[in-house]
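**Q** So you can see what is in the structure, the chains are spelled out below.
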Amino acid sequence: MSYIIDRRLNGKKKSTVNRQRFLRRYKAHIKKAVGEAMNSRSITDMDKGEKISIPSRDLNEPLFSHGRGGHMEQVLPGNKEFITGDRIPRPGQGAGQGGAGGGASDSGEGIDEFVFQISQEEFLDFMFEGLELPNMVKRKLAGNESFQVVRAGICNEGSPGRLNVVRSMRAANARRIALSGGKRRNIKVLEQELELEESKDQALKDQRKVDELRLRIEELRGRVNRIPFLDDFDLKYNLLIKQPRPRSKAVMFCLMDVSGSMNQATKDMAKRFFLLLYLFLQRSYEYTEVVFIRHHTSAKEVDEQEFFYSRETGGTIVSSALKMMRDIMRERYPASEWNIYGAQASDGDNWNDDSSTCHKILIDDIMPHVQYYSYVEITPRDHQALWDEYQSVAMAFPEHFAMEQIIDVKDIYPVFRQLFSQKVVA
Amino acid sequence: MLDTAINNKQPISTTSEWTFELVQEYDREIALLAKEFGLDTYPNQIEIICSEQMMDAYSSVGMPVGYNHWSFGKQFISVENNYQRGRMGLAYEIVINSNPCIAYLMEENTMTMQALVIAHACYGHNSFFKGNYLFRTWTDASSIIDYLLFAKNYIARCEERHGVDEVESLLDSCHALMNYGVDRYKRPYPISAHEEERRQKEREEYRQRQLNDLWRTIPRPGGGEEQAKTHRFPEEPQENLLYFIEKNAPLLENWQRELVRIVRKMAQYFYPQRQTQVMNEGWATFWHYTLLNELYLRGKVTDGFMLEFLQSHTSVIYQPPYDSPYYNGINPYALGFNIFTDLRRICENPTEEDRAWFPDIAGSNWKETLQFAMRDFKDESFILQFLSPKVMRDMKLFCISDDDREKEILVNAIHNEDGYRELRAKLAGQYNLGNREPNIQVYSVNTRGDRSMTLHHTQHQRRPLGKETTEVLKHLHRLWGFNVHLHSLNGDEITASYHCPEMGRDRTEDEESMLVPKPI
Numbered sequence: 001m002s003y004i005i006d007r008r009l010n011g012k013k014k015s016t017v018n019r020q021r022f023l024r025r026y027k028a029h030i031k032k033a034v035g036e037a038m039n040s041r042s043i044t045d046m047d048k049g050e051k052i053s054i055p056s057r058d059l060n061e062p063l064f065s066h067g068r069g070g071h072m073e074q075v076l077p078g079n080k081e082f083i084t085g086d087r088i089p090r091p092g093q094g095a096g097q098g099g100a101g102g103g104a105s106d107s108g109e110g111i112d113e114f115v116f117q118i119s120q121e122e123f124l125d126f127m128f129e130g131l132e133l134p135n136m137v138k139r140k141l142a143g144n145e146s147f148q149v150v151r152a153g154i155c156n157e158g159s160p161g162r163l164n165v166v167r168s169m170r171a172a173n174a175r176r177i178a179l180s181g182g183k184r185r186n187i188k189v190l191e192q193e194l195e196l197e198e199s200k201d202q203a204l205k206d207q208r209k210v211d212e213l214r215l216r217i218e219e220l221r222g223r224v225n226r227i228p229f230l231d232d233f234d235l236k237y238n239l240l241i242k243q244p245r246p247r248s249k250a251v252m253f254c255l256m257d258v259s260g261s262m263n264q265a266t267k268d269m270a271k272r273f274f275l276l277l278y279l280f281l282q283r284s285y286e287y288t289e290v291v292f293i294r295h296h297t298s299a300k301e302v303d304e305q306e307f308f309y310s311r312e313t314g315g316t317i318v319s320s321a322l323k324m325m326r327d328i329m330r331e332r333y334p335a336s337e338w339n340i341y342g343a344q345a346s347d348g349d350n351w352n353d354d355s356s357t358c359h360k361i362l363i364d365d366i367m368p369h370v371q372y373y374s375y376v377e378i379t380p381r382d383h384q385a386l387w388d389e390y391q392s393v394a395m396a397f398p399e400h401f402a403m404e405q406i407i408d409v410k411d412i413y414p415v416f417r418q419l420f421s422q423k424v425v426a
Numbered sequence: 001m002l003d004t005a006i007n008n009k010q011p012i013s014t015t016s017e018w019t020f021e022l023v024q025e026y027d028r029e030i031a032l033l034a035k036e037f038g039l040d041t042y043p044n045q046i047e048i049i050c051s052e053q054m055m056d057a058y059s060s061v062g063m064p065v066g067y068n069h070w071s072f073g074k075q076f077i078s079v080e081n082n083y084q085r086g087r088m089g090l091a092y093e094i095v096i097n098s099n100p101c102i103a104y105l106m107e108e109n110t111m112t113m114q115a116l117v118i119a120h121a122c123y124g125h126n127s128f129f130k131g132n133y134l135f136r137t138w139t140d141a142s143s144i145i146d147y148l149l150f151a152k153n154y155i156a157r158c159e160e161r162h163g164v165d166e167v168e169s170l171l172d173s174c175h176a177l178m179n180y181g182v183d184r185y186k187r188p189y190p191i192s193a194h195e196e197e198r199r200q201k202e203r204e205e206y207r208q209r210q211l212n213d214l215w216r217t218i219p220r221p222g223g224g225e226e227q228a229k230t231h232r233f234p235e236e237p238q239e240n241l242l243y244f245i246e247k248n249a250p251l252l253e254n255w256q257r258e259l260v261r262i263v264r265k266m267a268q269y270f271y272p273q274r275q276t277q278v279m280n281e282g283w284a285t286f287w288h289y290t291l292l293n294e295l296y297l298r299g300k301v302t303d304g305f306m307l308e309f310l311q312s313h314t315s316v317i318y319q320p321p322y323d324s325p326y327y328n329g330i331n332p333y334a335l336g337f338n339i340f341t342d343l344r345r346i347c348e349n350p351t352e353e354d355r356a357w358f359p360d361i362a363g364s365n366w367k368e369t370l371q372f373a374m375r376d377f378k379d380e381s382f383i384l385q386f387l388s389p390k391v392m393r394d395m396k397l398f399c400i401s402d403d404d405r406e407k408e409i410l411v412n413a414i415h416n417e418d419g420y421r422e423l424r425a426k427l428a429g430q431y432n433l434g435n436r437e438p439n440i441q442v443y444s445v446n447t448r449g450d451r452s453m454t455l456h457h458t459q460h461q462r463r464p465l466g467k468e469t470t471e472v473l474k475h476l477h478r479l480w481g482f483n484v485h486l487h488s489l490n491g492d493e494i495t496a497s498y499h500c501p502e503m504g505r506d507r508t509e510d511e512e513s514m515l516v517p518k519p520i
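Note that the protein sequences, when read in sequence, are chains C and S. Numbering-wise (the UniProt record's numbering), the first sequence opens with residue 1 and increments by one. Numbering-wise (the UniProt record's numbering), the second sequence opens with residue 1 and increments by one.
Since the hints were derived computationally from the structure, they do not count as laboratory data. Since this is a predicted model, take the numbers as computed values, not measurements. Ideal Cβ positions, reconstructed from N, Cα and C, are used throughout, including at glycine. One thing to keep in mind: the hints can contain errors.
Computed footprint of chain S on chain C; a stretch qualifies when at least three of its residues, placed anywhere within it, have a C-beta under 8 Å from a C-beta of chain S [said to hold, decoys possible]:
#1 68-82
#2 114-123
#3 211-220
#4 249-259
Which chain C residues face chain S? A few, computed with CB under 8 Å, are given here [unchecked claim]:
#5 Ser2
#6 Asp6
#7 Arg7
#8 Lys12
#9 Lys31
#10 Gly35
#11 Asp86
#12 Leu275
#13 Met403
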């Protein structure tokens with residue numbers, strides 16, 4: 001007798017836990033590969049999955065086995081030319097008798113790298129592992145809120161599907177007890193009387209009274225029984241209510257210097273940095289908007305394409321971009337509703353007396369409203385006035401302002417990690 | 001005796017699409033035939049699964065439940081990789097030695113393949129599991145699934161209590177010694193989940209008492225000290241390293257001992273399979289061939305069915321010659337199938353040669369002889385007993401001797417009159433697990449001094465230990481908790497010694513923390 005069972009609909013992901021264990025164990029390898037990938041990838045596929053390869057010697061599970069040497073005897077199939085007593089020159093090291101006894105080749109397999117694919121999700125997990133958005137405050141979104149259905153106790157009305165059986169039965173029981181209490185008490189009293197009457201001597205017994213008592217008891221019992229077992233108003237229903245769920249949203253301002261001193265390579269680096277930040281914000285907030293502002297002597301809000309690809313030249317006035325950011329913030333992104341993040345990339349050049357203006361705008365108008373402002377200076381040269389001014393901003397808002405220098409593409413990811421690494425709470 | 005269904009020459013199916021009704025019908029027909037041929041089986045549970053589930057099953061050594069460990073994840077990832085790139089097809093079936101016997105069928109297979117798998121797994125392997133003496137004595141088919149569940153839950157609880165890393169590193173160490181967690185000669189008690197749980201508590205207490213006794217450092221009154229010096233511990237060398245550790249390792253906590261035990265029990269469960277590969281696959285292949293041919297003879301299947309079946313069958317039993325790029329050792333399906341097929345021939349049409357070589361079985365009842373061969377042997381003894389000269393000739397077997405003291409490799413036997421016996425003995429030796437795995441045993445433990453453990457490797461034909469030996473010793477050291485020494489002996493002479501921690505230098509702090517389990 002055989003049973004035939006269709007298991008195709010059962011869970012398929014039985015090995016997920018083991019897979020995760022594996023990834024966990026080789027975290028260091030994977031992180032390294034992810035870091036390298038970040039530096040070598042083109043910007044458009046920054047957030048794809050990644051092929052990870054791990055040297056197989058690191059994966060090996062060692063076992064006791066025989067090594068080479070000693071006296072080995074082996075039976076092989078497919079003899080064509082040999083007869084007993086033939087002598088054959090030993091084939092070169094490693095070739096030939098690979099499968100000696102079956103045991104030797106189990107672990108080696110001759111594969112140098114164990115290569116596998118991780119998904120986009122996993123890739124991003126590794127990319128942003130250990131990072132956190134500083135000062136993340138969930139601010140409420142006015143209008144188009146999302147709702148969440150939650151249980152909110154018991155109510156007397158509802159659809160049959162939500163009937164709470166236990167509570168209904170309990171209510172019915174309580175009602176039955178309450179409604180029949182007096183009658184049952186009476187029955188008890190009458191029964192006692194009846195007993196008394198019946199226990200009397202035959203001569204003293206009042207048969208009429210006995211009959212009467214019996215009748216009344218019978219009547220009361222009937223009334224108790226007529227109380228319905230379950231009544232309409234016993235029914236209790238699970239109450240589900242819709243709760244507005246505060247949806248957090250963030251806006252990210254990308255500020256970039258596009259003046260003559262910024263060449264394509266520098267801009268490319270800036271772009272990678274912005275992209276990382278964008279991906280990171282997207283993971284932390286359900287809704288993210290990006291505002292692109294580029295500037296030379298004057299600032300302009302542009303779309304993504306123009307932000308990264310159009311060419312401009314000219315001098316540099318950084319404060320123009322900051323002013324624009326300030327204005328846009330006031331107009332469109334009130335800090336009470338939005339989590340505001342600022343990221344600025346520049347090569348550090350600025351019109352000399354403009355740097356103090358920047359300082360003032362940041363301190364007075366921008367920093368009080370943003371969650372975080374990060375500044376990266378992409379230059380191999382010495383810092384200029386802007387850097388110094390920004391450093392004093394950093395002093396004033398140590399929690400909300402961060403700045404780093406990037407020299408090479410290789411620095412971007414490490415710098416990014418540094419800016420957002422989890423701060424240990426003191 | 002044959003009922004009307006068999007006389008009715010209508011094929012069961014004519015297309016390659018399978019349905020549940022057809023699977024059921026094939027199973028019924030094959031079951032009837034199997035009964036006629038005298039196959040005794042556990043009840044079958046046939047489960048249809050998809051390829052992803054097959055990959056899951058693959059990576060957990062075919063078991064339906066298993067504890068979590070990264071190595072299974074690695075297995076899964078590599079299977080998935082190879083499969084997705086089309087480098088590898090999945091096995092058509094996996095069958096589990098349990099009662100009822102669970103067989104997995106892949107939904108992608110055609111009807112022919114499903115029938116082949118049913119014959120192969122549900123009646124071939126199944127009857128082998130039920131009949132072969134190794135499986136009968138070493139495993140308890142009715143309780144394995146329960147035990148796996150117990151193990152999975154227990155290990156999950158340990159992970160909760162002691163952390164995933166602790167458990168993982170301990171399991172790593174146990175896995176490294178898994179092949180040495182088997183009693184080769186002692187007959188074990190079959191495992192049962194129920195029993196395990198009931199006894200677990202009791203065992204914990206008992207163990208601690210035992211240990212304390214062994215490691216007692218206070219001198220016993222009445223010259224106990226003197227006596228102890230002359231006593232070696234263990235009194236006899238121990239081959240079951242994991243068992244020895246479970247019972248005697250000084251620093252392990254109780255839950256750690258339990259884990260060692262679980263791995264040991266798993267090793268024990270798979271031990272018969274490792275020893276009967278040729279027989280098991282040969283038996284199953286022989287029977288799917290025989291059963292499906294019989295179906296064809298009775299008109300139950302079409303010519304197209306047979307062609308597809310034979311195409312698949314011949315590729316399963318193909319043996320590439322030694323110099324082929326596809327050569328990867330002797331194909332156990334081919335060897336086993338050839339021996340069983342030839343055995344039937346010897347019974348039914350014996351030649352003069354057969355009468356000389358197999359006087360007892362030439363001309364006997366083939367069903368009984370095959371049953372006997374299946375029941376009471378393992379690969380090694382099976383080959384030694386039943387490999388006939390004809391099979392050796394057909395497979396063109398030859399034996400080479402590769403001695404590192406000689407310059408050249410010597411061909412010492414081929415498939416001719418002089419070589420048959422030697423060839424057969426050599427091939428049988430090749431399937432002796434003792435020859436395939438180094439023979440390593442616990443030789444002594446310094447119970448009075450530094451508590452170090454000494455192991456001896458007894459060389460087989462002067463073969464040395466492999467490169468990974470020191471790595472394995474590290475794992476052994478983690479379990480034992482004190483120094484571990486391994487001597488490789490050729491006769492009485494020590495040719496190589498391995499130590500963990502390595503002798504002659506102090507350990508760095510890092511190594512120290514990696515090697516020594518945390519104190520209790």
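**Q** Does the interface hint hold: is Lys12 (chain C) within less than 8 Å of chain S, judged Cβ to Cβ?
**A** 4 Å, holds
**Q** Taking 8 Å as the limit, does the beta-carbon of Leu275 (chain C) come near enough to a beta-carbon in chain S?
**A** This interface hint is violated because 29 Å lies over the 8 Å limit.
**Q** Lys31 (chain C) was flagged as interface toward chain S. Is the shortest Cβ-Cβ separation under 8 Å?
**A** Status violated, d = 16 Å.
**Q** Quick one: see if chain S covers the region 249-259 of chain C, three-plus residues with Cβ-Cβ under 8 Å.
**A** violated (count 0)
**Q** May I ask you to test the interface hint for Arg7 (chain C) with respect to chain S, counting a Cβ-Cβ separation under 8 Å as satisfied?
**A** At about 5 Å, which falls below the 8 Å cut-off, the nearest Cβ of chain S leaves the hint on Arg7 (chain C) intact, so it holds.
**Q** Close enough to count: is the Cβ of Ser2 (chain C) nearer than 8 Å to one in chain S?
**A** With a closest approach of 4 Å, the Ser2 (chain C) hint holds.
**Q** Is the shortest C-beta separation between Asp6 (chain C) and chain S less than 8 Å?
**A** 5 Å, holds
**Q** Mind checking, does the region 211-220 of chain C have 3 or more residues with a CB under 8 Å from chain S?
**A** With 0 residues in contact (Cβ-Cβ under 8 Å with chain S), the coverage given for the region 211-220 of chain C is violated.
**Q** Checking C-beta pairs, does the region 114-123 of chain C have three or more residues closer than 8 Å to chain S?
**A** holds (count 4)
**Q** Should the hint that Gly35 (chain C) touches chain S count as held when the rule is a Cβ pair under 8 Å?
**A** Because about 21 Å separates Gly35 (chain C) from the closest Cβ in chain S, which is outside the 8 Å limit, the hint is violated.
**Q** Taking 8 Å as the C-beta cutoff, is the stated coverage of the region 68-82 of chain C by chain S satisfied by three or more residues?
**A** It holds, with 14 qualifying residues against the three required.
**Q** Should the interface hint for Met403 (chain C) be scored as holding, given a Cβ-Cβ cut-off of 8 Å against chain S?
**A** 36 Å, violated
Hint violations for this structure: numbers 3, 4, 9, 10, 12, 13, all remaining hints satisfied.
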